[in-house]
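Colleague: Given next are the chains, with one letter for each unit.
There are 2 protein chains.
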Amino acid sequence: MNDIKHRILSLVKDDLSEIEVALEQNLKPHFDLVSQIAGHILFSGGKRLRPLLMVLSAKLCGYDGNYEKTFSTIFEYLHAATLLHDDLVDEATLRRGKPVAHSLWGNAIAVLVGDFLLARSLSIAAETKRPDVIKVVAEITENMSQGEIHQLMKKGCIDLTETEYMEIIERKTAVLFQGTCRVGALISGVSKEKEDALAGYGFNIGIAFQMVDDLLDYSQNTPELGKKVGADLKEGKLTLPVIYSLQSADATDRIQMEKIIKNKDFSVEDFETLIAIMKKYGGQTYTEKVAQKYVKNAKNALEIFKNSTTKEILLTIADYTLARKV
Amino acid sequence: MNDIKHRILSLVKDDLSEIEVALEQNLKPHFDLVSQIAGHILFSGGKRLRPLLMVLSAKLCGYDGNYEKTFSTIFEYLHAATLLHDDLVDEATLRRGKPVAHSLWGNAIAVLVGDFLLARSLSIAAETKRPDVIKVVAEITENMSQGEIHQLMKKGCIDLTETEYMEIIERKTAVLFQGTCRVGALISGVSKEKEDALAGYGFNIGIAFQMVDDLLDYSQNTPELGKKVGADLKEGKLTLPVIYSLQSADATDRIQMEKIIKNKDFSVEDFETLIAIMKKYGGQTYTEKVAQKYVKNAKNALEIFKNSTTKEILLTIADYTLARKV
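Just so you know, the protein sequences line up as chains V and D, in that order.
Going left to right, the first sequence walks through residues 1 to 326 as our numbering numbers them.
Going left to right, the second sequence walks through residues 327 to 652 as our numbering numbers them.
In isolation and in its complexed conformation, chain V is listed as follows:
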């Protein structure tokens, strides 16, 4: 993984530094406390993948203005807002190895700082003075909240289907990746064809990204994950590796899996047993293959663009989505 990550990082170093500056400059909180709590989630080692994708999409479309870094903060603020609210909804304790905001400052302030970040992201969207851009951002927000609601409604449901899982991850993750790439195209004024191509690229890597994220929860090598092992299951979230394995397992294995899943205080040994059963039925391999398919779709979507360094970087980012699983 490190190789591909370093390759991307060396190519986008300057963009990332400028995004970092923009994130500091555009927050504009009225209170130090907001700055502190928003900063806790914003400046804690996030990859800046979402703003970076907007900046690269704009570059690929020949954007010639000076505001792409400012506009790109929309997508990181939006992401941070949903992380604040989702950690609270999931009753999570750790994020990127650090205690979550609501455990440090309380639920109330986590809700309100999340609202502030959401509002900032929409204010910056308004600064584009482009109704089409604003519409995309508002729709992302609508979709993400409904994706999270859907996930919450299905918490603890042992019979969640692959179709429902797809619906949830499309809304909660893929639409944001789709939107950030679409907005990069929109501010550059390219054809609808190119706009849709970039949106398709974003959507597909968003799906792959989430699937790999879900896969990482079942990797035994999780100290670098920065959250608790088996966190998804402990939160009652069934993801594709488990869904596929449950579907394929014979009665005995299925019963054993269900027993472990339903007991949210499962031990490390139970979790390892579960992983072994999943491996037997190929849950992890299946998820990986599906993710690969989405990465392939993402790369294909960029075919209409002529070759360039930026296109190369976007293709490498698509590969990186998968490389994270190792």
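It should be emphasised that the hints constitute simulated quantities derived from the structure, not laboratory data.
One should not assume that every hint holds.
[Unchecked claim] Using 27 Å as the maximum straight-line C-alpha spacing, the simulated BS3-like pairs for lysine-lysine come out as follows:
1) V:K59 - D:K455
2) V:K192 - D:K520
3) D:K520 - D:K619
4) V:K135 - D:K461
Following the hints, complete the assembly by docking chain D onto the known chain V.
Modeller: Using the frame of chain V, we list chain D on its own:
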């Protein structure tokens, strides 16, 4: 109160019915559960004052389109979103006499349905295709979250000043009233002078409205309030009637007031004692007088508009703000 309320209601009956229909039609939730929870807060006897003010402002400015009812839902959805989040932040138990959403469905879903309502309001703002309108809506949201954060930061502070109180209520309440009136003007394409006049009207009645709301918490006649007596104080919120009385009280009375305020489990007798001390120092009367001043400012702001039924209704609504206190 009933007289003035009935007079207004008879004059805006048709507008209110159309707003009601628009609120049902524009929610567009993907899940029944969202519809149910959003409906719990949206259709529980709210006065629709915010959307009504937008519709009346547009009418006063000669708006000749067909979308004012749709656009007016922006301000009720936004209001409902903040109610959902604020009830959670305040750990409130009752709203309009009914159990609050988070106590019925849990904090998680209350946060997410609030996010959904916020997102819907911004999506509808985007439908105006007017960057100036969208900017107003985004800024309202930013201000409201920061007003709530400020209030939360000052929770339990016995030395909250009148200036800080004003800052808090400007952000958490007045900017929404200001924004709804401004947007009514903006979609009608009137002069900046008229736009600012309506914004000024909205801002001033917003302040008066909040002051009367805060006053109602110290009225002994509270069964119709639909929330617990002394709820503000129990939540650690100091409002103008108390702030003024604390400032003016002699040492002995001040000590007694502080003792009651600091004990959040104060009895009904304690609360009555507090109200009596406040009365002695004129906290209620002072607040009423300040509110009257804002209502006067609101009415003066409309001077540049020629007389009409709509202007008459807006002036009556300004008076109604004060009449609520009885």
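Colleague: It remains to establish, for every hint, whether it holds in the given structure.
Modeller: Evaluation of the provided hints:
no.: 1; hint: V:K59 - D:K455; verdict: holds, 26 Å
no.: 2; hint: V:K192 - D:K520; verdict: violated, 39 Å
no.: 3; hint: D:K520 - D:K619; verdict: holds, 21 Å
no.: 4; hint: V:K135 - D:K461; verdict: holds, 13 Å
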